[in-house]
Every structure is written in C-alpha cells, then in structure tokens.
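**Q** Listed below, chain by chain, are the residues.
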Amino acid sequence: MLNKRRGLDKEPTFSSDIPKEENVSYSSSPPVDRKTIIGEHISIEGNIHGKESLIIEGAMKGKIELEKNQITVGTKGRVEAEIHADNVTISGRLTGNIKALGKVSITKGANFTGEIKARSISVEDGAYLKAAIELEQEPQKGISPDVKPPSQGVKPVPPFEKKPVIPGADPIKKN
Amino acid sequence: MTLSTADQPLKNSIVKPEESGYKSNVLQMFLEGLHQNDRSHLLDLGLISGDNINFFLRWVNKLSVCDMFYYLKRERRRRRPTGPLEQHFDFPPLAFDGILLWNLFDYVDNQTAVKLVQRCHKSIKPGGRVMVIAQGDPIAFPVLSTFAIGENFRLYPHPQPHMNLPLQRRQNREILTLLTPFNFAKSFLYRNGVKEYLFQRDEDSPISEESKDRMK
Numbered sequence: 550m551l552n553k554r555r556g557l558d559k560e561p562t563f564s565s566d567i568p569k570e571e572n573v574s575y576s577s578s579p580p581v582d583r584k585t586i587i588g589e590h591i592s593i594e595g596n597i598h599g600k601e602s603l604i605i606e607g608a609m610k611g612k613i614e615l616e617k618n619q620i621t622v623g624t625k626g627r628v629e630a631e632i633h634a635d636n637v638t639i640s641g642r643l644t645g646n647i648k649a650l651g652k653v654s655i656t657k658g659a660n661f662t663g664e665i666k667a668r669s670i671s672v673e674d675g676a677y678l679k680a681a682i683e684l685e686q687e688p689q690k691g692i693s694p695d696v697k698p699p700s701q702g703v704k705p706v707p708p709f710e711k712k713p714v715i716p717g718a719d720p721i722k723k724n
Numbered sequence: 028m029t030l031s032t033a034d035q036p037l038k039n040s041i042v043k044p045e046e047s048g049y050k051s052n053v054l055q056m057f058l059e060g061l062h063q064n065d066r067s068h069l070l071d072l073g074l075i076s077g078d079n080i081n082f083f084l085r086w087v088n089k090l091s092v093c094d095m096f097y098y099l100k101r102e103r104r105r106r107r108p109t110g111p112l113e114q115h116f117d118f119p120p121l122a123f124d125g126i127l128l129w130n131l132f133d134y135v136d137n138q139t140a141v142k143l144v145q146r147c148h149k150s151i152k153p154g155g156r157v158m159v160i161a162q163g164d165p166i167a168f169p170v171l172s173t174f175a176i177g178e179n180f181r182l183y184p185h186p187q188p189h190m191n192l193p194l195q196r197r198q199n200r201e202i203l204t205l206l207t208p209f210n211f212a213k214s215f216l217y218r219n220g221v222k223e224y225l226f227q228r229d230e231d232s233p234i235s236e237e238s239k240d241r242m243k
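Top line first, the protein sequences correspond to chains A and B.
Basically the working numbering = 1-based index in the first sequence + 549.
Basically the working numbering = 1-based index in the second sequence + 27.
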C-alpha cells in the first residue's frame, strides 16, 4: 500500500501512527517543510541522514544527521544518539551529544544528558538536564542587557590569600 | 559592617522572599573572575533555570549543569535511598574553573556535604573558584528557593514549595569548616538572611590530612 503511494524508486521513511493533518513525507523529493515521524511503537538502531525534519516519539539509538532540518524528540521519545541538526527540540528523553546550527529547545518534562553545542538555547523550568553547554558565535561575551560588561583589558585577578578559619572570628560582612 | 560572631541574630530578617532581591557581591566577583579566562568552564549544581543558563553563558565559554536537587527530590519521593548523592557528581578531575553551589548545603547531611566538597575539590582546577549561597534562615526562607538573576547582579529568590525538602541549617562557622579544602576569600551576610561565600582552590592540589580532620 505504501509502496504504491510513494513509488518503488523512493527511499523508505520511518513512520507510524501518522496524523492525517501532519504534512508527512513519503518521498525523497525536495522537501518543503516536510517531516518524518518515528512513532511511539517503533524502535530504530542505526544512522539516519536526510533533508527533512524528524519527529521521534519512539526509541532510537545511533546517529542522526539532518543538518538543515529540525529534530524533535517528542514527549514519549527515547533517544540515545549523536545529533547534528539545524534546530533541536527535546520534550522526551535524550542521551547523547547535540550539535545544532541553530537553537536547542528543552521543554518542561524533558530529560537530557550529554553535551550541547548550539547557537542558542532555551530551557523551560521543570526540565531535567545534566549537560555541558557551549554556545557558538557568542556575539558579545559577558554583555547582558541587564548587566554591564566587565571593563576591557583588566588585569588578571590575583589568587586569594589563604586565611585560617578561626572559630568565633566571623568574616561575614553585612551588606 | 563586620559582625562579631557567626551566630549573631539578624534584625529585620523576616522578608517576603520574592521582594528580597539584593545585589550579589559574590556573584559579581565570581563571574568577573571567570571572565578573565578565555576558556572558562563553570559548573552549576543548582536547580535548572533557563534564564540563568543563558545568563551564565554570556560570562563563560562552557557551562555544565547538574541539578542535585532533582536527585534529592527523587530520593525523597521514593522514600528509599537512590544511592549516595555524590555519585551523581561524576565529573572528571580538574574540569572546572568555577563551581556554583546555590544552596545545596542547606539540604544535605554532613556526610554528604563533606563528600560533595571533596568531589568539588577534585574537579576544580587549581586557582578555580567556588561560590556558595546559604539561605539558612528558616523564617525568611522556609522552603527551597531558586534565584533569578536580574539587573546589576541582583538575585531574586523564588520559593519552590513543591520541592518539599527538609532544611538542614548550617551556621556560618560550619560552612567555613566544611569548605576548608579551599581558601576562604569573601563572605557576605544580607538583610534577607542570605549568606554568600567565595572560596578558591590552591594552586597546589590535594586535600591535606589537616583539612580532612577538620572536616570530620
């Protein structure tokens, strides 16, 4: 049935429980905002390369390279993978390293362990994260809209002097 | 104004946490110190906050986050041990230039606190800095709070009553003793009861036997 719809010369896609309203890809023709869904009851082990967005609601282990597209790990997704994508959204469980050309979004209830390299990141409260994060192309390191940047060319801060802790001699200063 | 003893009672310390934003001198010193290093790596062991993650990433090149309160809460919810807390502190030696301990020592027992300090000491680079915040005043802060970072290093505590973790209040002296593997640098006590400390690891490394004895 699927073969008839997509043609025998087309690459297979992984899909299950596809909602009708989704713009789901059945072919390898140039994608226009197309997405592939790995359904909740699908498990995949291996590598995925492609040029359309991917939503994972099932289990996936391996490597995913969708450099110009979006990867979403849905709330039921369980992924152990190296991911290279444009934007990545995590709402489920993901262990691995992410390299994103764009943004990584981690939503409430997500569980992520690994490393993230991206241009920007957003993390909702309630997400679990054990991660090392690096943002690439930081435009103005140390400059925040709320905080004045440290002065340029300042001298390195000297090491602190070792002071003994003396019971009763409280070093606390009141603000 | 320097206080004479660690246990001196605070006046006017009963404040609504959400109204108690204050300028964190230690946070400013901590981040400005890290900013001197072009490849600085900060470890934040506090509750996850997206805003704070983005704030810190403006000051350091690499940020690691490990929410220790997640494990504390999980253990409490299960009502059975999920293993020692320090096992989740599984970072490599000499990995970090700074470690941020928001108020973790308010919620762990002595044995766990000592082990966490030892792990921090092992994972921080020589010369690296440790920032500790303690909100030990049970009246001003009856529940665990996160800290939102605002303008000019102002911190705004946000109570997290859903965490429901028992407070293990530590006096100033106890915190200083706990952190003896590090050099003490600065500490501040604020009107809202928050205590902040800045420590630094020696350029040489291991924890001395003397420090171990004092930590017991």
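Mixed in with the good hints there might be a few duds.
Stated by the list, open to error - Straight-line alpha carbon distances no greater than 30 Å define the calculated BS3-like cross-link-like pairs of lysine-lysine that follow:
1) B:Lys-89 - B:Lys-213
2) A:Lys-679 - B:Lys-100
3) A:Lys-666 - A:Lys-584
4) A:Lys-657 - B:Lys-100
Stated by the list, open to error - Covered by chain A, according to a simulated footprint, are these stretches of chain B (three or more residues, beta-carbon under 8 Å):
5) 71–81
6) 91–100
Hint data in this document are derived by calculation from the structure and do not stem from the laboratory.
Cβ atoms here follow ideal geometry from the backbone N, Cα and C, with glycine treated the same way.
**Q** Which of the numbered hints are not met once you compare them with the structure shown?
**A** Of the numbered hints, all hold.
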